[in-house]
Amino acid sequence: MIDKTLQNFDISKFQANLINWYHANKRDLPWRKDQDPYKVWVSEIMLQQTKVDTVIPYFQRFITKYPTLQDLADADQQDVLKTWEGLGYYSRARNLQNAVREVVSAYGSKVPANPKDLGALKGVGPYTKGAILSIAFNQPEPAVDGNVMRVLSRVLKIEDDIAQPKVKKDFERYTKNIISDDDPSAFNQGIMELGALVCTPKSPMCMLCPVQEQCRAFEDGVEQKLPIKSKAKKQKTIPYVALLIRNEKNEYIIEKRSETGLLANMWQFPMVPIDEIGMDHIENWVDMEYGIQVDLGNNLGKLKHVFSHIIWQLDIIEATTESEKVIDKRVKLVDKNRLADYPFPVSHQKMMKYMREE
DNA sequence: AAGGCGGGGCC
DNA sequence: GGCCCAGCCTT
6 MIDKTLQNFD ISKFQANLIN WYHANKRDLP WRKDQDPYKV WVSEIMLQQT
56 KVDTVIPYFQ RFITKYPTLQ DLADADQQDV LKTWEGLGYY SRARNLQNAV
106 REVVSAYGSK VPANPKDLGA LKGVGPYTKG AILSIAFNQP EPAVDGNVMR
156 VLSRVLKIED DIAQPKVKKD FERYTKNIIS DDDPSAFNQG IMELGALVCT
206 PKSPMCMLCP VQEQCRAFED GVEQKLPIKS KAKKQKTIPY VALLIRNEKN
256 EYIIEKRSET GLLANMWQFP MVPIDEIGMD HIENWVDMEY GIQVDLGNNL
306 GKLKHVFSHI IWQLDIIEAT TESEKVIDKR VKLVDKNRLA DYPFPVSHQK
356 MMKYMREE
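Here the first sequence is numbered in this note's numbering, starting from 6 and rising by one per residue.
Keep in mind the hints are simulated off the structure, nothing from the lab. One thing to keep in mind: the hints can contain errors.
[Unchecked claim] Simulated restraints, written as ranges between beta carbons of each label pair: (1) Lys-115 / Gln-83: 44 to 52 Å; (2) Asn-143 / Met-293: 34 to 42 Å; (3) Leu-301 / Glu-164: 35 to 43 Å; (4) Ala-21 / Asp-280: 58 to 66 Å; (5) Pro-244 / Ala-21: 50 to 58 Å; (6) Ala-201 / Gly-266: 25 to 33 Å; (7) Val-227 / Gly-283: 49 to 57 Å; (8) Gly-113 / Met-293: 36 to 44 Å; (9) Ala-21 / Ile-233: 22 to 30 Å.
[Stated by the list, open to error] Listed next, the in silico DSS-like pairs over lysine-lysine satisfying Cα-Cα at most 27 Å (straight line): (10) Lys-261 / Lys-334; (11) Lys-241 / Lys-334; (12) Lys-207 / Lys-238; (13) Lys-70 / Lys-56.
Backbone N, C-alpha and C fix where the C-beta goes; we use that ideal spot for every residue, glycine too.
Could you put the whole structure together from the sequences, leaning on the hints where they help?
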């Protein structure tokens, strides 16, 4: 039983061309030095929605710091977030550590090599599950990501909207039918590598493509129009006054964000949602929120920070306080030179550049 | 099915 | 500015 889409598609030739090309052209990446399931796992989590060039230094530092499952399981979550700082999508780090602890306690520190147990781990979805099973355990499981959908939408000339969940399932079905049983690792990585290096979103280099002969989009001259993808809706801008509050000892007020939602468990400088509070009630709000009295100072500048779904517009204002202690568990007065011990989102790292020197 | 969830690099 | 990136989770 085979999909209509795959009729007249030369699967063996596609596999051979792709895999030969991959072995000859694959990049020398740090997570390709061995097949350690733990390292494959870490790399796949980091690579979610993140480019290879961005991941490389993070992967190196992470593995140096946590060489084994046990090391990561034993680590402090704040320490893990600090190591992840700047990489984004911080729930990946929290879920990874939770899942690693699960593997240590429930599976004797062996990454489960079957779809059911592996896919049940926190943060391991359909793609990551297939990637680990194929790359670390050489099992012929599909690993469909954006690259795979782009490459296959062109090769098979599929004009469905790849933003729709059901369409991704179609691609998983196609991949099950065309994946190589001899070298599923090279097959999956080969399609992704092809998507990253040749079959790129814009201006694909079809003249260099090992499967050009099998590509229906190229044959019809429509490769630039594929894949079809519906547009994401625009982000809403939220204005804040962000406060750099210091005392005479050059300590700054920081707070730990909620343990759920945006930037969970990361630290930040106080942010006043100005649409709700109003410019005239900032000191009052700070008193209510943190139990400290402040004097507002100069306006230091503006920062715009773009997320996937919202935009922060930050007005940075300096302030002073005479407090030397705070009560709240999630709020701290921290010496300027110790701020680097805490995980901050990039937006607030940028704020630190506005702090006065002394 | 749709929306929340980061950040950087490209055009 | 918009788009894309080796996606997953929650609702």
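Which numbered hints fail: 1, 2, 3, 8, 11
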